[in-house]
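*Asks:* Spelled out from the first residue to the last, the chains are:
Number of protein chains: 2
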Amino acid sequence: MKITKASIESAAARIAPYIHTTPIMTNKSINELYGLDLYFKCENFQKIGAFKIRGGMNASLQLTPEQMEKGVATHSSGNHAQALAFAAKMLGIKAYIVMPESSPQVKVNAVRGYGAEVTICASNQAARESTLQEIVDRTGATFIHPYDNDEVITGQATCVKEMIEAIPDIDIVVAPVGGGGLLSGTCLGANYFKPGLKVYAGEPEGAADAVLSLQSGKVEKAPFVNTIADGLMTTLSERTLEIIQAHVADILLVSDDEIKAALRLVYERMKIIIEPSCAVPLAAVLKNPGLFKGKKVGIILTGGNVDLSKFKDWF
Amino acid sequence: MKITKASIESAAARIAPYIHTTPIMTNKSINELYGLDLYFKCENFQKIGAFKIRGGMNASLQLTPEQMEKGVATHSSGNHAQALAFAAKMLGIKAYIVMPESSPQVKVNAVRGYGAEVTICASNQAARESTLQEIVDRTGATFIHPYDNDEVITGQATCVKEMIEAIPDIDIVVAPVGGGGLLSGTCLGANYFKPGLKVYAGEPEGAADAVLSLQSGKVEKAPFVNTIADGLMTTLSERTLEIIQAHVADILLVSDDEIKAALRLVYERMKIIIEPSCAVPLAAVLKNPGLFKGKKVGIILTGGNVDLSKFKDWF
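Residue numbers (my numbering), protein chains in the order written: chain V, 21 to 335; chain L, 21 to 335.
Possibly wrong hints are sitting among the right ones.
Identical chains blur together in the list; that is why a pair holds if it fits in one copy or across any two.
[Said to hold, decoys possible] SDA-like mimics (lysine to any residue), calculated; alpha carbons at most 20 Å apart, straight line:
| no. | residue 1 | residue 2 |
| --- | --- | --- |
| 1 | Lys-214 | Lys-316 |
| 2 | Lys-109 | Ile-50 |
| 3 | Lys-332 | Pro-124 |
| 4 | Lys-214 | Glu-182 |
| 5 | Lys-241 | Gln-145 |
For the record, the hints were derived by calculation from the structure and aren't laboratory data.
With these hints in hand, go ahead and build the complete structure from the sequences.
*Replies:* Laid out in structure tokens, this is it:
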């Protein structure tokens, strides 16, 4: 295993100048309403508005000078695109980002705003991969995968490390699972920095690949993909599954109605803006109170990059 | 003048066990976009979700034992209702709140949730006042006005005091103006705790009573009342006007379109939920950059109690 306690500590030091140590919020009214003791790690206040900058920055900072000269590349419609574009801007290197034509214009603009070169492609996996490959072949840029990458996972692990430092007696951490970059990093960080700290994951019923993969022990596809939690539609990789199955306490499924109720609770009570994907861990906690009552429970709020025109579909 | 430096200091100590010292946020992307240096005092994270708890708590805590026995009363459709209900709950006393039938059910529920006795009346000023008077006559409860009250103003002044303590070299503070409780408290607090600290106000064009009152020197009505900033529709009192005209640098008018643009900026860039009324000071700053460039500018974000179903009208 390449990811060690020391490599996560190095990553934390490496990315510190570029990221925020995000605040941890508590909310008395939510705790009282549900009889819980919750601690929300606010990565929605992170640089680029999401935790993804941790992994993107950590990977970019470890390129060789030769690699730096040729830049970085990825395909993403979401926060990893912004993370890599921002990291490249910080380092003064080129970023080539392939985005599907279905990407919201506001996200395309944000990526371009960081100075990245955006290539729009058809909205399917084959087009994304072939377009990226063409760019990598032409430019020599280094492909940085959003989660199937050790340096990215190591970067994401710094989030739970901060949480443990801030709340040393924390009992449980809950993260969402999409491709598993954050979840596998959280599993490793918990294991290294507070052995015995339990890690649960929340997953949407409409993108239930991780729960199936955990059962079968190999990477499975979701039976169907349709969820408000649009950041969690990706599937695990063998790399992330291996880490997750070694460490995760359980993966808890939630419906879109449960996600919406948790989302509303955060907006109304905490007065902060989070993506629907971030409401998945809270929804999982509220659905399974017996697992969490009497414990100090950390919840990773992964990001806050929402298209405000979507509000009307959610509330 | 009853409100002194010492009385604001006493109020701050008196209410400290019941309120939050709210965080001050900065946002690099907004500062870079507009070439400004802004500090946002986040009263949306305050108890009850708004600064009003400062004044409501300060007034309630100074009741005599005889007054406490009979409780407090007010009419309000908004944050003052919640503030007084919460204060009464903290003190274990009765709160009688008259709310117009147009009040959103969510706000009525919140006030009842604090244990207050809610009386619904017709949605006009005469009905509100007569219903309240009947309750005060019957119960002997003490009427606590949302802003035309020295103890309330003194409580609101604690907000700018915190801001000055956190950012001693602040140059300007900008607050919204409705009835003038927050603005007059901010004027006094600025004057006492950092003489020379300039205070500007933002006011919606669709509730432009304060700017007219400042011109004529007497309490004026707005020419028309129609604005997204529904917390600012009230008019100054003689008490608040007197303080404001002695201290305010200027009152800056903004249109609803400008308020909406500032609201969007806060939601998209800062990832926090604020009421439209809170976006008024930021809108005023963005409209008059020449007044604020090169200065450290504090902006009071007054509250975050929004009906999520309104989002579709704003974005």
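*Asks:* Now tell me if each hint is right for this structure.
*Replies:* Against the structure, the hints:
no. : hint              : result
1   : Lys-214 - Lys-316 : within (14 Å within a copy, 42 Å between copies)
2   : Lys-109 - Ile-50  : between (39 Å within a copy, 18 Å between copies)
3   : Lys-332 - Pro-124 : both (16 Å within a copy, 18 Å between copies)
4   : Lys-214 - Glu-182 : within (12 Å within a copy, 37 Å between copies)
5   : Lys-241 - Gln-145 : within (14 Å within a copy, 61 Å between copies)
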